[in-house]
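Using the sequences plus the hints, can you model the full thing?
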Amino acid sequence: MKSQIKFQIGKSGVTEGVIQSLNNAFRTRKTVRISLLQSSGRDRTKMKEIANELGDKLAGNFKHTIVGFTIIMKKTGARKPENKR
Numbered sequence: 103m104k105s106q107i108k109f110q111i112g113k114s115g116v117t118e119g120v121i122q123s124l125n126n127a128f129r130t131r132k133t134v135r136i137s138l139l140q141s142s143g144r145d146r147t148k149m150k151e152i153a154n155e156l157g158d159k160l161a162g163n164f165k166h167t168i169v170g171f172t173i174i175m176k177k178t179g180a181r182k183p184e185n186k187r
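Positions 103 to 187 (our numbering) are the ones given, in order, by the sequence shown.
Because the hints were derived from the structure by calculation, they are not lab data. Take these hints with a grain of salt, some might be off.
Claimed, not checked - Think about it this way: if two alpha-carbon atoms lie no more than 27 angstroms apart in a straight line, the pair counts; the simulated DSSO-like pairs of lysine-lysine are: (1) Lys-148 to Lys-165; (2) Lys-132 to Lys-108; (3) Lys-148 to Lys-176.
All of these numbers come straight from a predicted model, not from anything done at the bench.
Below, the structure is given as structure tokens:
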């Protein structure tokens, strides 16, 4: 059994580095736990915005669940087609 992978999002919010790290983690795992630190703004609407932003920016289809101050992201299917520019 693989260990759970955990990330933290702080006052910088969702950065390019966070997106790259999550994309790398989802190559080998289906579930990732993301903790929101106090400095990121711990209200429910902000947490939903962050979860939706992560779902939009990550390469793949994801569902999320918010439990307390943790977002649990689960990979649900094939990758989204990437825009080639």
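Here's how the hints hold up against the structure:
1. Lys-148 to Lys-165: The hint holds at about 17 angstroms.
2. Lys-132 to Lys-108: Roughly 12 angstroms between the alpha carbons, so the hint for Lys-132 and Lys-108 holds.
3. Lys-148 to Lys-176: Status holds; Cα separation ~20 angstroms.
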